[in-house]
Structures are given as C-alpha cells and as structure tokens.
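Peer 1: Starting from the known structure of chain V, arrange chains X, C and F on it as the hints suggest.
Number of protein chains: 4
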Amino acid sequence: MMEPVNRGIDQRLFAYILDHNNKAPFYVELGVKTRMLGPDCAEMFITAQPQHANQMGIIHGGVISTLADVSMANAVRTTGRLAVTADYTVSFLCPAPMEGELVGRGSVIKAGGKIVFARADILCGDKIVAISQGAFSVIGNIDYGNEQ
Amino acid sequence: MMEPVNRGIDQRLFAYILDHNNKAPFYVELGVKTRMLGPDCAEMFITAQPQHANQMGIIHGGVISTLADVSMANAVRTTGRLAVTADYTVSFLCPAPMEGELVGRGSVIKAGGKIVFARADILCGDKIVAISQGAFSVIGNIDYGNEQ
Amino acid sequence: MMEPVNRGIDQRLFAYILDHNNKAPFYVELGVKTRMLGPDCAEMFITAQPQHANQMGIIHGGVISTLADVSMANAVRTTGRLAVTADYTVSFLCPAPMEGELVGRGSVIKAGGKIVFARADILCGDKIVAISQGAFSVIGNIDYGNEQ
Amino acid sequence: MMEPVNRGIDQRLFAYILDHNNKAPFYVELGVKTRMLGPDCAEMFITAQPQHANQMGIIHGGVISTLADVSMANAVRTTGRLAVTADYTVSFLCPAPMEGELVGRGSVIKAGGKIVFARADILCGDKIVAISQGAFSVIGNIDYGNEQ
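Chains as they are written, first to last, in numbering that gives the first Met the number 0: chain V, 0 to 147; chain X, 0 to 147; chain C, 0 to 147; chain F, 0 to 147.
Bound-form chain V, shown alone (with noise of 0.2 Å):
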C-alpha cells in the first residue's frame, strides 16, 4: 500500500486534504484513495472490484465518473479554495475492465476566484478510458491553518 505523494503544496494544506477524503463515506464506500497532490494537480484511484460492475461486466460508468469528479475536486482544492463541483462532462473512450487500479488524473486548467475550471483523465494502466472536463463554483478558503 502506497503512501500518498506531495509533490509541492503546503504540508497543513495536504494533511487536510488527506484527512477528509480519507473520512468522505462515498470515498470509503466506492474505495477512492489519494496516490498524488501537487500544485492544480491530483491522482486518485480506485481498484477494481466486483461490486464496481455494470450489467456487461466492465466497470460502471459511475464509477468513471465519481473518479472524474474527485480527481479534479481534489485538484481544486490544492489551490486552497473550497469550491463545489457545478458540473462536468465525463466521455467514455473505451471500456474499462474489471482489474488493477483505475487512476484519476485531475488538473486545474484556470482557477479564478467565482470559478475553477478542470479536466481530468481517467486511465487503466497506460490506456484512457475517459476524460473530463469541469466547473467548480468557489465558496472559499480550505481553512488549513494559513495565515493568509
């Protein structure tokens, strides 16, 4: 089991992060973990199991798209703003299988101050198999115990 990665952001900021997706029950319940946070950047992932399953036996298209979601959410906040998913488009390039780990990318393409803009890549090992695009509507500061 890998630890989770800061590749660059303030260490309050990034134990904060840890701390609640670690306690968001949807994270536990669908299994989303943190691998990476960097500057406008995320990796989450998910590993594959049985109940993730759509009728035809890949993984279901929500699945994809909670790890679209949170992959850009995370993303998000590493800017420290507090902000709530506004909408997204998520498209599905090919089936994922029902194996190994499906990882998130998210990144922040634009942070401004009313809306954050997003995209996300959704791969199984080298392959994509969906990508996204997003808003998120600010509402604030991650109170992390900076000064600012």
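By construction, these hints were calculated from the structure, which means they are not laboratory data.
Heads up, a few of these hints could be off.
Note that the list lumps identical chains together, so a pair holds whenever it fits in one copy or between two copies.
The calculated DSSO-like cross-link candidates involving lysine-lysine, where the alpha carbons are at most 27 Å apart (straight line), are [to be verified]:
#1 K126 to K113
#2 K126 to K109
#3 K32 to K126
Being a predicted model, the structure only gives us computed values, none of them experimental.
Peer 2: The following block gives chains X, C and F in isolation, referenced to the frame of chain V:
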C-alpha cells in the same frame, strides 16, 4: 415497497430491463432501483444512505451522476436499442440532502440509428437538484424475444 | 417582421436587453434576433442564410451553438442578473436545413446567486435539431433603472 | 500570410481538407483559416474582427465555440474519417480580447469506429481562453483518392 410500473412498453422488454437492473452489481451496491419504464422514458431512484455522503454531509455528486446516467440509459433501453454511454454532462443546481429518495427522470430526446440523445432531471422531493444531457452509442438491439 | 414580445418582465429590463441585443456586433453579423422575453425564458432566432452553411450544405454547428448560447444568456438576463457564459454543452440531434428560421428557446432552470443554470432547445419548424445545457457566472445585476 | 502546414498526413488528404475548408461558407463568413494539420491534430485560427464582438466588447462565445468545434472536427478529419459533431462542451476560462489571432488546437484523444473523441484548447497568444471536449459520429471515410 412499490413495484416498478410499465407505462406502455413491450412486457418482455420491460421484464428484460428489470431483470438486468436487478442483477447489475453497481446498481445493487448503490441501491439504484427502477420505478417506471415507458416509451422513451424511465424513472430510477436511490434511497439516501449515510454512505452516499460527501465531506459536507450532503449526497456526493458521484451518486447523482450515476443516477443521471442510469436514468438516461434506461430511457434509451425502452427503445429496444442496446447502447453504451458515450458521454454526458451533469450540472449540480443545489445540494441534495441526506434524506428520502433521489429520483432520476430520464427521457430520450432523439433516438437515432447510431446515437441516442437523452436528458435527465434529478429530483429530491419536488426540487430539481441536478440536470443532465448525454449521448448513447448504439451497438445493437436488445434481444428480448422480439421477432423483428 | 414580428416585433419582439414581452411575456411579463419589467418593461425597462425588456427595453434594456433588446437595445443591447440590437447593438451586439456578433448578433448583427449572424442575424440573431430576439423574438420573446419572459420570466426565466427567451426565444431568439436566426433566418438561415447561405453564409451559415458548412461543407455539407446544412447549417454549421457554430451557428447552432451560438443560438443555444444566446438563448440561454437572454433567459438569464430576464432574471436581472449580469452574467457571462461559464460553459455549455450542445448536442446535435439532426441536420438543420438551410431554410426558414432556426429558433432557440432558452430557459433558466436554477438562478443561483453565483451561477445560473439554463437549458435550450434549438428548433427548425417543429423539429428539435439541438439541445443545450449551460452554466452562467453571475458578475452583478443589470442596471436598467430598477430601484433595488 | 502563412501557408497551412502539413505535419505528416497523406498529402492528398491534406489537400482535400484544405480545399473543403476554403470553400465552407461559414468558415469564410467567420474568417476561419487552417494553420496546421497533422496526425490526429489540427490548428485553426481566426483573426479578431470588430464584428466578432459581444455586448461587452470582447469576442463572442459563439466565435470561440465555432473555433473549438472546427479545431476538433479538422483533427478528426486527419484520421481519414468522415464525421459529424455529435456534441461538445466548451468552457470559457477568461475573456478573449478583440485583437490578434484566436487559435484553436484540436486533438483526437480516441478514434473509434463509431465515435471519435477530441479535445481543443483555444488560445489568445500564450493564454488559454477556452477548453473544449467533444464527440464526433463517424459516417464513413473521406474519399480523397486513398486506395483502401
């Protein structure tokens, strides 16, 4: 516990869709149930459970996205087409509280030979908490005993 | 030539929106006209012209996208909010022929303080040729002489 | 005036796409030009003109949306597939000023047999002003003299 209602599709297609929904692992995992199937429309629901919550104590967007996806996908199935989600957009209008039922109403807007376009509204009581729009790629017909 | 209809918004707001629409250079360039403004809704149209065609001799998606955007944006304006398009999705259901009028019907689905969510249908005659869903970022109130 | 650059696609396909772009009425109307075509990618541009402005004196979203659509559509064409836009999402990161060139960089992310998925970035100078993601429905192959 209400039984799913057939508002006018072929009874064998109705039985086929229900049977598949009841067996789909991720539907079972999340508690996705079928309420109604009719021509070009479907109503699906989830009873809010503690494990559906996000860090803020409201229903996680991934639950809502999944309900949007399955509401549209089931509306698509009522056309007799076998299809996979190509992409969809979901917009989160307001927080969905952790109580009662979250209902997804999917409608086919245009059923093409290659792509079926659909919309969904997600409701908590009378309030629309999310709206969605998606494209479904047709891969064949559902084999439910229809002679055609 | 039909006059734009006011279906129930403040007459000064109606006049303000019309005046701005008439002066907007890209509206003039494309031939975008206002047909109706009402509470939370707007109807805009474009008369198909040869220069709107794509390589296949049907109306270019960019014309349809623009009409979707302006239909939603004008519906948003009827709420008195000054807002800019944050994002929108447009789905092309079928080809739009080079004849008659292309009509966009925009509706506000949720008018929040920060973001307004809207939908639009684009029609050729009775046929829906495109559907759209968007988010508009509120930057203030329209100053049309309202005392509030 | 720079000539369009071929970064590695079949010369006949390159000539075919350019010829069609030069003749497309809405491209001519808006001033859409081809800068580069390569394997799975395309760069298109528009020189900002006064008629492209919205009411606020910046480039109208419809111009940006059109550039996003054509950048992705031309990237799709470099695969030799004949396709139509099924849907796309465009997010407006910041205002696009009325000066210089607006450049759209489209990339194919996944070229399937039925649907091609693409992304685009829209730039003013070095600044990304919009991002886009779309699905294109394959209707055949481009007949440019290829033996296959």
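Peer 1: Are the hints correct? Go through all of them and say.
Peer 2: Hints, one by one, checked against the model:
Taking identical chains as interchangeable, the C-alpha atoms of K126 and K113 lie at most 27 Å apart only when they sit on different chains, with a minimum of 19 Å there against 34 Å within one chain. Proximity of K126 and K109 under a CA criterion of 27 Å is satisfied in both settings, with 26 Å inside one chain copy and 10 Å between copies. Proximity of K32 to K126 under the C-alpha cut-off of 27 Å is restricted to the intra-copy arrangement: shortest distance 20 Å within a copy versus 32 Å between copies.
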